[in-house]
Each structure stands twice: as structure tokens, then as C-alpha cells.
Amino acid sequence: MSSISHKPKTILIVDDDLTNRLVLRALLTEAGFHTVEVENGEQAVQAVEEQHIDIVLMDVMMPVMDGYQAAKIIKSRQSRFVPIIFLTAMTDESALAKCIEAGGDDFLTKPYNHVILASKIDSMLRISSLYQNIEEKNKEIQESHFLIQQEMNVSKKLFDKIIRNDMRGKETGLNYSMSPMSMFNGDLIIAEKNQTDGLNILVGDFTGHGLSAAIGAIPVTDVFNSMTQKCFEFTEMLVEANEKLIDLLPTQMFMAAAMISIDRSNNIISVINSGLPDIYLYRDKKIIRTFKSGNIPLGISGLSASQLEVEMETLQFGDRLYVATDGVMEATNESGAMYGLDRLLQVFDGNNDSDCLFDSILQDVSDFCDGAAQTDDITLLEFCHLEKVEYKKGIEYSNQYREPSDWSFQFSLDIASLRQFEILPYIMQGVNQLQPLEYGRTSIYTVLTELFTNALDHGVLKLDSSMKSTPQGYMDYYQEKQKRLESMSEGHIQITLSHELSKDGKGGRLSLGIIDSGEGFDHGATDLVNKNQFSGRGLKLISSLCTEMKVLGKGNSVMAYYDWSSEN
Amino acid sequence: MSISISTSEDNKSATIKINGRFDFSLHNDFRKSYKDVSLPSGQYIVDLSGTDYLDSSALGMLLLLKEHAESQSSNVRLVNFSEDIREILTIASFDKLFSLD
Chain C
1 MSSISHKPKT ILIVDDDLTN RLVLRALLTE AGFHTVEVEN GEQAVQAVEE
51 QHIDIVLMDV MMPVMDGYQA AKIIKSRQSR FVPIIFLTAM TDESALAKCI
101 EAGGDDFLTK PYNHVILASK IDSMLRISSL YQNIEEKNKE IQESHFLIQQ
151 EMNVSKKLFD KIIRNDMRGK ETGLNYSMSP MSMFNGDLII AEKNQTDGLN
201 ILVGDFTGHG LSAAIGAIPV TDVFNSMTQK CFEFTEMLVE ANEKLIDLLP
251 TQMFMAAAMI SIDRSNNIIS VINSGLPDIY LYRDKKIIRT FKSGNIPLGI
301 SGLSASQLEV EMETLQFGDR LYVATDGVME ATNESGAMYG LDRLLQVFDG
351 NNDSDCLFDS ILQDVSDFCD GAAQTDDITL LEFCHLEKVE YKKGIEYSNQ
401 YREPSDWSFQ FSLDIASLRQ FEILPYIMQG VNQLQPLEYG RTSIYTVLTE
451 LFTNALDHGV LKLDSSMKST PQGYMDYYQE KQKRLESMSE GHIQITLSHE
501 LSKDGKGGRL SLGIIDSGEG FDHGATDLVN KNQFSGRGLK LISSLCTEMK
551 VLGKGNSVMA YYDWSSEN
Chain F
1 MSISISTSED NKSATIKING RFDFSLHNDF RKSYKDVSLP SGQYIVDLSG
51 TDYLDSSALG MLLLLKEHAE SQSSNVRLVN FSEDIREILT IASFDKLFSL
101 D
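Chains C and F, in that order, give the protein sequences. Numbering-wise, our numbering puts 131 at position 131 of the first sequence, and it's gapless, one number per residue. Numbering-wise, our numbering puts 86 at position 86 of the second sequence, and it's gapless, one number per residue.
For the record, the hints were derived by calculation from the structure and aren't laboratory data. Nothing here was measured: the structure is a model prediction, and the numbers come from that model. No residue lacks a Cβ here, since even glycine has one placed at the ideal position from N, Cα and C. Possibly wrong hints are sitting among the right ones.
Computed far set for chain F versus chain C, every beta-carbon distance over 10 Å [to be verified]:
#, residue
1, Glu9
2, Asp29
3, Lys96
Below are the BS3-like pairs computed for lysine-lysine, each with C-alpha atoms no more than 25 Å apart in a straight line [as the list claims (entries may be wrong)]:
#, chain 1, residue 1, chain 2, residue 2
4, C, Lys292, F, Lys35
5, C, Lys392, C, Lys230
6, C, Lys244, F, Lys32
7, C, Lys244, F, Lys17
8, F, Lys66, C, Lys483
Per label pair, the in silico range of CB-to-CB distance [to be verified]:
#, chain 1, residue 1, chain 2, residue 2, range
9, C, Asn351, F, Leu100, 31 to 37 Å
10, F, Ser71, C, Lys540, 55 to 61 Å
11, F, Asp23, C, Gln472, 41 to 47 Å
12, C, Asp414, F, Asp23, 50 to 56 Å
13, F, Asp23, C, Asp160, 26 to 32 Å
14, F, Ser71, C, Leu341, 48 to 54 Å
15, F, Asp101, C, Phe368, 44 to 50 Å
16, F, Tyr53, C, Asn351, 41 to 47 Å
17, C, Ala373, F, Ser8, 42 to 48 Å
18, C, Met488, F, Lys12, 43 to 49 Å
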């Protein structure tokens with residue numbers, strides 16, 4: 001009869017009548033059960049608490065505590081399933097219903113038919129064993145859920161530490177809202193100051209969401225931070241991040257991204273949109289430029305910087321840029337409708353106060369969804385081009401004081417190396433290793449960049465700087481530069497850097513010389529400082545940043561000197 | 001089933017047709033549909049005429065199909081898609097990876 005387990009099951013018999021107990025015991029013992037007998041409800045409650053009881057056979061009418069009350073107590077106190085079968089002489093329906101209501105699982109009417117009794121016990125034991133199985137599985141699930149939760153919490157902390165670099169603020173012009181669908185965000189925003197004092201911003205959206213989507217954010221952040229720190233061009237960073245992601249991500253995963261670089265020396269914004277929705281530039285209450293995706297998302301196929309479609313626009317102070325991931329357009333309400341582009345554009349159209357536009361968009365999306373469960377990570381970014389910026393946090397350089405020393409090095413680059421190789425970050429790294437300068441770093445980098453760009457653009461590539469006098473001209477200039485760089489067959493640039501210890505030994509003079517193969521210019525006749533807005537600014541900037549500057553020879557050689565002292 | 005595949009008699013092309021939403025829920029079915037198909041130097045045609053929505057995981061699945069096709073020196077062509085789907089494919093610049101028409 002008991003096919004469930006080989007171990008004899010224990011059955012509690014609760015009846016105030018001795019004869020009834022003896023009859024039941026005889027029946028059950030013969031069937032292979034172990035029995036425990038008590039005389040009333042109170043004793044039954046106690047027995048269930050003290051011993052392992054598999055099934056309770058409960059009489060209804062008993063002194064001290066009746067069967068209904070005992071059943072209620074047992075059911076409320078036991079977390080495991082203890083089946084209770086009521087034994088009753090009553091046959092009226094309401095009494096039987098009361099048995100079930102009190103927590104009984106079945107009932108049996110006296111006098112007992114031993115076949116029915118046996119099959120009821122058997123069926124209860126089967127249910128009981130199912131319950132037990134479920135309970136064990138539940139416990140396992142709870143335990144592993146707890147472990148997963150703990151691991152997630154730890155990972156989340158590590159993850160946030162790696163990804164964290166929040167450049168948001170009224171002083172930086174950057175604002176964004178990220179609303180991940182789960183604990184880990186498959187959307188990514190990284191921003192860092194570049195050498196023009198503007199920002200490089202990367203907005204990324206990995207396929208899917210959750211941990212698997214978020215994991216790719218780590219190498220991308222790593223590339224972005226280390227390359228910004230080393231002053232690489234933002235196009236190079238995108239190429240490098242792409243390579244990393246191709247290596248790392250499985251075929252079906254990729255990152256739609258936009259790389260935005262704000263050049264504050266020229267007030268130019270450059271955007272590379274690789275698979276994100278349209279990016280809007282907003283001025284005087286109108287969208288004045290849409291940057292559409294023109295590139296494959298990252299992590300799919302290899303590409304070089306020259307294959308990237310870079311779009312540029314001149315910026316005016318107060319201009320605002322809006323970037324959203326597809327989670328915004330595809331935000332879904334209860335009835336399954338998507339927010340969509342039209343609604344977004346209506347918010348732009350209906351807006352009267354630029355300061356509120358960002359919040360209005362978020363509010364409109366949230367109103368539309370009206371509490372419906374989020375189906376993707378939602379990210380919205382706003383960048384406002386401010387007249388004056390201030391950054392609390394910047395790249396943290398591991399600056400280590402080195403005793404001033406004398407050194408020099410020189411690079412000579414022919415046209416092929418100029419085409420293929422971004423030399424400046426390496427030179428800056430060399431300088432930083434030899435002579436870390438706490439305050440002069442940005443100035444030196446700017447001077448070096450300006451001199452190098454002048455030598456390349458005007459000396460080697462013979463570009464006319466007057467082209468840059470209009471915003472459109474600036475774009476043409478940039479394109480022409482790429483074209484000439486690809487096709488030019490001769491030309492070279494020589495860069496010399498040297499450092500000379502000052503007499504008191506507490507500082508020194510850094511000398512920076514650049515000679516190009518070009519024809520130079522009549523520097524005697526050129527008023528270096530007073531040229532128009534779009535050209536000649538380079539030399540003006542250099543003079544203001546370094547201690548002294550000289551144009552030599554026929555105008556194809558420039559020397560700049562930067563004096564420093566550790567006492568400053 | 002919302003995915004069906006038919007191979008041409010000359011074994012030069014196979015057409016995969018997707019009905020309804022093309023999203024992560026079709027991941028296994030989509031993969032299964034072409035897994036055992038071998039088309040040396042042929043063409044996989046993905047017919048999107050019955051597809052009303054396509055998300056980024058669907059783009060990922062198309063990349064997997066491309067990988068499968070390229071291992072057999074075949075290519076992938078996406079056909080009969082709506083304007084909405086064209087927009088999604090264009091944003092991802094998939095015209096640079098697949099032939100679209």
C-alpha cells in the first residue's frame with residue numbers, strides 16, 4: 001500500500017474513544033504504518049510539534065479541544081505540509097464543509113471502510129511527497145537566487161567603479177538621464193575633457209540589456225579613458241574600441257554608438273553616429289541640424305579612421321545637442337504602442353524654454369508609458385555649449401615629481417608616416433615620463449598640437465587657411481585635408497623637444513621645435529596676433545601659452561619655449 | 001510557425017520568411033531554420049514582407065546568418081521590407097553589410 005517510501009510513515013490518530021483508536025491502530029499497523037495515538041486536539045497539536053508526523057487522522061468531537069480548532073492550529077504553525085483527514089460520523093454537508101474550512105484536506109465517514117481508508121492515506125502521502133519536492137526545489141532556488149543576488153551586488157559595485165566618471169553639471173553643460181531596465185545598464189555614457197577644454201562624449205547602446213549587454217562597457221570605457229588621457233584623436237578611439245569589441249563580442253552582439261567631440265578652440269562639434277537614432281542640434285528653438293547614422297555599429301567589422309563618416313558643425317554658445325538611444329523611441333505603453341519619433345519631435349516643436357526641454361522630453365516619455373513595464377534601457381543626453389566651462393573632475397594623472405634633468409629627442413616623419421601614424425600622443429607620453437609637469441601639461445600639449453597642425457596643414461599639405469573663414473569653409477577644409485593627406489607623395493616634418501635645467505636646479509626650459517618641408521611664409525610681414533577669427537588663431541594661442549616663440553628661416557621653422565619652476 | 005525556409009531546386013538560393021515580430025523570441029527558430037542548410041556559393045534571401053517589427057537582436061541574428069552564409073561563400077540579401085524596417089536597417093548602416101532591395 002505505501003509505495004512512496006520504504007521507511008514506515010507515522011500516522012497520528014486523534015480520538016477520545018479508545019475503541020476507535022484500537023481499530024485504527026490495528027488497520028494501520030497491518031498496512032505497515034507506524035502509529036501515534038492521542039486523545040484530544042490539544043495533545044494532537046503537541047504531538048505534531050514534537051514528532052515527525054506524516055498524516056493526521058482527526059476525530060471532530062473531543063473534550064479539551066475539538067478537531068476543528070486543532071486542525072486550524074496545526075495548519076497555521078506548520079510550514080511543511082501535514083495532511084489532516086477528518087474522521088466523522090456526521091454526514092450532513094455543512095459539517096463536512098466545516099472540516100475542509102478548518103484546514104482539513106479530506107474526510108472519512110464512520111464506520112470505516114478499510115479499503116477507502118488505505119487509498120485516502122495513500123493519495124495524501126503522494127500529495128505530501130509532491131509538496132515536499134516542491135519545497136526542496138523552492139529552497140534550492142531561493143539559495144541560488146540569494147547567491148546570484150550577492151554576486152550581482154558585488155559585480156555591480158565593481159562595474160560602477162570602472163564606468164563611473166560623471167561629468168554632468170551646470171558648469172560643464174552636460175546632462176543625461178539613464179534608466180536601465182535591469183540592475184546592469186546596456187547603455188553607456190562616457191565623457192572626458194579633451195585637449196581643447198571641450199568634451200569627448202561617447203553614447204553607446206549594446207544589443208539587448210542586462211549583464212551580458214553591460215559587460216562590453218568595461219573595455220570600451222578602458223579604451224576611451226586611456227586614449228583620452230594620452231590625447232588621441234576621437235576617431236582613433238572609436239577605431240580602437242571597435243577592434244576591442246570585435247574581439248570580445250559574439251557575432252550577434254554589437255554596440256550602436258555616437259562619438260561626439262567638442263572642439264572649444266574652434267567651436268566645432270564633430271559627430272560620428274554609428275547606429276544610434278538621429279542626433280539633434282537645437283538653436284533658437286529649432287532643430288538646425290540632424291546627425292544621422294552613417295556608420296555600422298561597433299563590434300561588427302573592422303574599419304579605419306578614414307572610413308568613418310564624421311559630420312561637423314560650427315557651434316554657437318547656447319546651442320544644445322540631444323542624443324537618445326532607441327529605448328526612448330521604442331518605449332512602449334500598456335496597449336503596446338511605441339512612443340515614436342513624431343511624439344519626440346512634437347516636444348521639440350512645442351518647447352518654449354530651452355532650459356526645460358530635457359525634462360520635458362523625459363516627462364513626455366514617462367507620461368506616454370504611464371507606468372508600463374520598461375522593455376529596454378532608456379537614455380537621453382543633452383549637451384549645452386557654454387561660453388565658459390569649468391570641470392571639477394578631470395583626468396587624474398598619476399603625477400610623480402621627477403628631478404629636473406637635461407634631455408632631448410627628435411622625430412622625423414615622412415609623408416607615409418604622417419598619413420598612417422598619430423605621433424603626438426606618443427611625444428606627450430615621452431615628455432610626461434621624462435619631466436612630469438603638473439601645471440604645464442595642457443599648455444604644452446596645445447602648443448605642440450597647434451605647431452604640428454600648422455606644419456602639416458600649411459607646410460606639407462599647402463592648405464590655405466583663408467578657406468576656414470566660413471563655417472562651410474571649415475568643413476571643406478577638413479575634407480580637403482583628408483584628401484591631400486591620402487594623395488600627397490612627398491613632404492616631411494621634424495619635431496625636436498629638449499629640456500634644459502634652470503640655473504637654480506628647481507625648474508627648467510622646455511624647447512619645442514618644428515620644421516616642415518614647406519615653403520614657409522613671410523613672417524616678417526604678417527601680424528601674427530591680429531588675424532581674423534578662423535585662421536591665424538593658432539599662432540596667437542601659442543604666444544599666449546608659452547614663454548617665448550620664434551619663427552625662423554623662411555617661415556617653415558618655429559621654436560617655442562616654455563619655462564617652469566617647481567616653486568610655482 | 002513564424003519562420004519558414006524554402007530552398008530553390010538548383011540549390012542556389014534559400015528563402016527565409018519571417019512573419020510578425022522579428023525579435024529575440026525567434027532566436028532559436030531563426031537559427032534552426034538555416035543551421036543545416038548548405039548552399040555553396042549561393043544566396044540566402046531573407047523575405048521580410050510579413051515582418052512588422054525588427055529590433056536590435058534581430059539585427060544580431062542577421063549577422064549570425066551572414067556568418068553562416070560567408071562560411072559557405074554565400075551572401076545574404078534582405079528583400080520586401082517596409083519603410084519602417086528600412087529605416088531601422090539604414091540607421092544601423094546594414095546596407096554596408098547586406099544587399100538590400
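Right, here's what the structure says about each hint:
1. With 10 Å as the threshold on Cβ separation, the claim that Glu9 (chain F) sits away from chain C holds: the shortest Cβ distance comes to roughly 30 Å.
2. With a closest Cβ-Cβ approach of about 14 Å to chain C, Asp29 (chain F) is found to remain outside the 10 Å limit, as its non-interface label requires.
3. A beta-carbon of chain C is positioned within 10 Å of the beta-carbon of Lys96 (chain F); the least distance is around 6 Å.
4. Only pairs whose Cα atoms come within 25 Å are accepted, and Lys292 (chain C) paired with Lys35 (chain F) is rejected, the gap being roughly 35 Å.
5. Between the alpha carbons of Lys392 (chain C) and Lys230 (chain C) the distance comes to roughly 20 Å, so the proposed pair stays at or under 25 Å and holds.
6. With a C-alpha separation of about 29 Å, the suggested pairing of Lys244 (chain C) with Lys32 (chain F) is violated against the 25 Å cut-off.
7. In summary, the hint linking Lys244 (chain C) to Lys17 (chain F) is not supported, as the alpha carbons are separated by about 34 Å, beyond the 25 Å threshold.
8. At most 25 Å may separate the alpha-carbon atoms for a hinted pair to count; Lys66 (chain F) and Lys483 (chain C) exceed this at roughly 33 Å.
9. Taking the beta carbon of each, Asn351 (chain C) and Leu100 (chain F) are about 36 Å apart, inside 31 to 37 Å as hinted.
10. Between Ser71 (chain F) and Lys540 (chain C), the C-beta spacing of about 58 Å keeps the proposed range 55 to 61 Å intact.
11. Distance hint check for Asp23 (chain F) and Gln472 (chain C): the Cβ-Cβ separation is about 43 Å, which falls inside the suggested range of 41 to 47 Å.
12. Remark: the range hint 50 to 56 Å for Asp414 (chain C) to Asp23 (chain F) is upheld by a beta-carbon distance near 53 Å.
13. The beta-carbon spacing between Asp23 (chain F) and Asp160 (chain C), approximately 29 Å, falls within the hinted interval of 26 to 32 Å.
14. Between Ser71 (chain F) and Leu341 (chain C) the beta carbons are some 37 Å apart, a value that contradicts the proposed interval 48 to 54 Å.
15. The given range of 44 to 50 Å is broken by Asp101 (chain F) and Phe368 (chain C), whose C-beta atoms sit roughly 35 Å from each other.
16. Checked against the given bound of 41 to 47 Å, the beta carbons of Tyr53 (chain F) and Asn351 (chain C), roughly 29 Å apart, lie outside it.
17. At roughly 43 Å, the beta carbons of Ala373 (chain C) and Ser8 (chain F) sit within the given window of 42 to 48 Å.
18. Restraint check, Met488 (chain C) to Lys12 (chain F): a C-beta distance of roughly 47 Å satisfies the suggested window 43 to 49 Å.
Hint check: violations occur at hints 3, 4, 6, 7, 8, 14, 15 and 16; the rest are consistent with the structure.
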